[in-house]
Amino acid sequence: MGLLQEAIFGVVTGSYIAIAAIGFTLIYGIVNMINFAYGEYLTLGAFVGFLAASAIPVPLPVAVVLAMIGGGVISIVLARGFFTPINHTGPVPMLLTSIGLGIAIRNAIRLFGGRSARYIETETATFRFDGVPDVTVGSVDLLGGFFVTSEHLIVFGSAVAVFLSIHALLTRTDVGIAMRAMGDDESLARVRGIDTQLIRDSVWVLAGVLAGLAGVLMAIQTNVSSTTGFSHILQILSAAILGGAGSPYGAIIGAYVIGLALAFSTAFLPSSMTGLSSAVAFAILIVVLLVKPSGIAGTEVREA
Amino acid sequence: MPSDTNDLVNRRTFLTVTGSSGIVGLSGCVSFGGGEESGGDGGTGDGSGDDGSGDGSGDGSSDDGSSDDGSGDGGPDTISLGQPASLSGQWDFLQPGVSQATDAAVAHINEAGGPLDAELEVIRRDTAVDPQEARTVTTQLIENDGVPAIVGLFSSEINPLWDFLQDFEVPMVTPWPGSTFLDTRGGDKATPEDLSDDEWLWRTVVGDTVHTSGSAVYALENDLDTLGVLNGTTEGERSYVEGFLSVYEDNGGTVAERVEVEIGGSSYQSALSRLFDAEFDAFLVSLPLESAITALSDWSDAGYGRQPILSDPLAQQDLVDQVGSDIHGAWAGSPGQSGPSYDTFEEIYSGEGDAEINAWTPPAWDAMQVIALAIERAGEATPEAIERNLGPVSRDGGTEVNTFAEGKEALANGEEISYQGAATPTNFTQHGNVFGSVTISTAGENGFEATSEVPAEDIREYVAEGEY
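The listed protein sequences derive, respectively, from chains A and B. Numbering follows our numbering, in which position 211 of the first sequence is assigned residue number 211; successive positions increment by one, without gaps. Numbering follows our numbering, in which position 199 of the second sequence is assigned residue number 199; successive positions increment by one, without gaps.
Treat the hints as calculated values from the structure; they're not laboratory data. Since we're looking at a predicted model, the values are computed, not measured. We treat Cβ as the ideally placed atom computed from N, Cα and C, and that holds for glycine. Check before you lean on any hint, since a few could be wrong.
[As the list claims (entries may be wrong)] Pair ranges (Cβ atoms, derived):
(1) B:Gly305 x A:Pro59: 41 to 51 Å
(2) A:Ile56 x B:Asp343: 38 to 48 Å
(3) A:Ser54 x B:Phe168: 38 to 48 Å
(4) B:Gly329 x A:Thr126: 13 to 23 Å
(5) A:Ser54 x B:Glu445: 20 to 30 Å
(6) B:Gly329 x A:Ile56: 30 to 40 Å
Chain B extracted, bound-state conformation (with noise of 0.2 Å):
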């Protein structure tokens, strides 16, 4: 169609007001949720991060860079370490309880001296658990930042980026990941001081494969025999699905109909119409929240009943609110809460803030802990250094340690130390991996309570040893 209209702007004007606009609108995309630190005088994030200023390098960091040679007189006066950080996306509501443990932390590992007597802080920048922000910010937070370890990233990142992660040498140690993809990925292999056959990953929270089994495991004692699966099609809940079913069919379980949809539709009547016409004792969903939210929602208004089983980032006090009394009764199975030092953390936890307490929230905590106390056995704050040390300090033998704090005066005494964690004991396998209990919490008037656990040892006969 030939133009034709009269114009009312000066087109001039026009191009200048766009071009300011896009300008201000661009800067606003690039800089969204991004670089926040905490640390410094404590640890002021409030782990909201919406604030992001997008810098982060430069002022707040040392001058002479994180992997300073802490040996002699001339320690690091500051030592930074990264954290990817979903401020944003699908898995933002995550966020706040895992910022808030990691500034406690730093806060009480300052508070304690620091690593080798230097301020500790975190450099946190948004990836909205989006691979190829997770590229972007990974690089930026460790060639531009120097940052000698990384404290995060999803399985959403970690599993395709595998290769590019491993490439850069630098000890990420994660909250996150739950992926069975990560079970024989990671860790120093049990060889510590051997690098060359390291696989520069470490996660301290239990992997799907562990808390997937105790959950299969809670299903099989409780009569629950044939199951229905609705799971979205992304990597995370595909995994927590194949985790789940794994232990469940060799164990007698059977799949009687799965069916897979896309997140962020409008409805899922459909595919529940579709599982519901099969025969099950009770249903397995594996979504995101929102998506699960509209997808129960739909099954709470077609009446279809049964017994729904969620997986763990599900126990959410806005599922309950959203799909009302129908949800009574659902419930999840989550990394236990039963580390040997829980209670030192929600102390210290609960004074930084009111963020709310999920499973990877006394990860989190853990995660900085291991980090802090592998510095200050290696005597500096490099990469190789961190990563030698990351298995020593937590595996068991030593003189068991609940806090960064009690863990410096250790070393300072010539004693080795095994970290005893908020989340689990924090005792690395060879793979990198952590073990503990699953906690089943049931959704009622109140939310999601905790109502049983599956204790590790029970869980431990499903696992092979050296499979995880």
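Pulled out of the complex, with its shape left as it was, chain A reads as follows (with noise of 0.2 Å):
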């Protein structure tokens, strides 16, 4: 396989990401917290889709609906009763508070929705192009045939359409425009009139929609389990502290290079290493920061 299919692998990787890493990075920069549950949101936006998808039965394209949805109000519910209360108390208490309302939910999830992983029934097409020219340099061919499949198209349709649309709410609405404005100062954008508590709100439930996207995609990939968005969190939170944490745009390209990292990294590391491919990303997102301290993207270094 070429250069070009791996680069394909990677953004795909990079897609699932960028979805939940947006929402995260989105959190941090307006209610200013480091969310350790968001991983327990894409869990339980995964079993929404699933239950849709399987109980009711719904077409999958409305058990994703119905995730996002789902996810969105969990978030706000989860936020009104766990988070907006300590809002005062700054970013470390709400920090610990994400650690241990995410375990309880991750128990909680396992001791009642079961221990054995649920499959979303799929169909998968697969489009091959072999006719694509071998363009080698060294040992590397940079071309080659490729071939991607509905799944791959799916996850990155989905992931563009999300920003688009995160890009157009931040830019060209009242609600985007006053997220921008407590995201750099939430004491001046109050005293501008803006009600910041609805804002902190609109965050949370746009956060919860995106955490439902992104958990419906990889249990359409994977599985859904109790550890479905759990075992996905370090990378959402690195790619959003390596773009620059709180900065949407740096949310997107923070996750590519994670993907694009772990792709490349198990294409070519020798072969007793290619288990190590997060490492790799890991040391990829430590060399930037030692760099730039402030992520790809981002402006300045916040406390927390």
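Take the two lone chains and join them into the complex the hints point to.
Here you go:
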């Protein structure tokens, strides 16, 4: 396989991470907290999607929409119950609360949702492009034949739709502009008449919707279990920090850097080291932060 | 960013609610899948283990402890054994069969009068196959509950805790571990009365060395001379592959490419792409089930083809259901279910519930039988007595018995016995291992079905005497 094929795999992996990382980084930038329970939001979204697709059942696209709605509802309920009351305590107590909440939710899912993995039934079509010529540099083929599957296209298409929607939201709507204003200076935004609590709630709902979408996409590719989201939280966190914590655009870049690093390191590391592809992604994170502590697109270093 | 928000909930109220929620959540975490007891009235456990109360000591177990001297008139009323179990975690799908076999064995043993005429019970606690959890659970079972023997523990738990577990000097008879690490560790070194050289681990399932050898032999017999390997990075997956390749390469097989991957990934396409760049006849997959389903679905989507060979835990209906028809023809070599008393086991087992029989189910039955027989022969239920008698009740020589009931009767008549197991003949080697045939199961429309068997004698020539 050529570099192009590996890049496609990396972009697909990056797309999963990017959708979730945008929600994660919005919470960080506007609510000013690192939400370690965010992986469980993905899990809950995956369960909502699974239940909708199998128990009701509804067509998969409808199940995805229900998972997004469910994710938004769950996010605002959890925020109102556990985070909003301690907003004033600062980022560290909120971080610790989110860790505890994540553990409690994960175990509650295991307790009530059962222990076995569940699968969302899908049909996958594969599209092959075998006629692409090889362009070899050294031992590496830059192009060559490749394939994409319908799942790849859905994930990438969903990610692009999310990017465009988020961009439009942040630049074309009052709520989005208010979010950016709050991200810059909450006190000033409030003085200017912005209802900061409403904006916080909007961010929680938006982050939950994105978590629901990312969760159900991961569930389609893998399975639905109590660890569906938790197993990806480090990649999501890394993408957000790599891109510049608080910046949705940075999170997108960070996610694709990590996705491509995972794909290329698996492809090109020596055979005995292929199991270390995640370590390579995190090594890149460390190097970038050493060179540019605010991340790729970040402009400031925050307290938390 | 300075705090700047409107308080919508009274802080004291929030702390009260959060504190209460935390306590409830924590108690759920601590006791989740925790202790459950089987036995008593004949074993009522359903193997689900989802109601763990976290108790397990105290009521239900013997007042005077399971290590009471059984001599004279004052034999124990109840003998409790400890079972660390995978009620949750990535291997939990294998536990129902093992729980049901254990419960069926307990019921059968108690119906036959029980060891030393006492009632046998099992205290089952969840470790989630996590070494740290296993450390805690084993300590609880031995120190708090005073069990004289343990029935359980996986390779992933035993290997990192080896010295810790040996320090207890309590026999551990387990149906789970295949690890080659244990090939020369464990058993009484063929000196039952001398405990000084003993290592307190016995396994009633054939080790990876045996069934991976059987799989490798089968692959070579079918002209699959060049291999690609995709395996996880955990102890169990690596051990399986090392065992397979040891025999495969020593007998003319060649590995064209080996790719290790982290488990739980959302995609294995990059790893598969690298693997299938190489030329080989078949590829060996050794991953946990959920990761294997993701990887093999990716393999199916990409249309790579070639012959899949699966590690034994992957011979599951879920794999066929999720991957689809492309996986038809894949095969896995599992420890054979060809012990002399398999039919007896199956009849009693099927009356206990409807859990699916897997490769670890008959060994779980065997583990309970040999411990009960060891107690019966010893005349007491202490760790030392059980350790001394596990070899003598199982090895060749003496009257062959298929169940505890037959063994109890033979021992009462003053005869020596040789337990003939459900999974294997259960003739413990000096290192506490058993030897048996390997069943080849092939995936088809109806799931995995046994299609061939590699006899134990064929495999023996690849496993050196004294090294297993």
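(message) Name the hints, by number, that the structure is in violation of.
(response) 1
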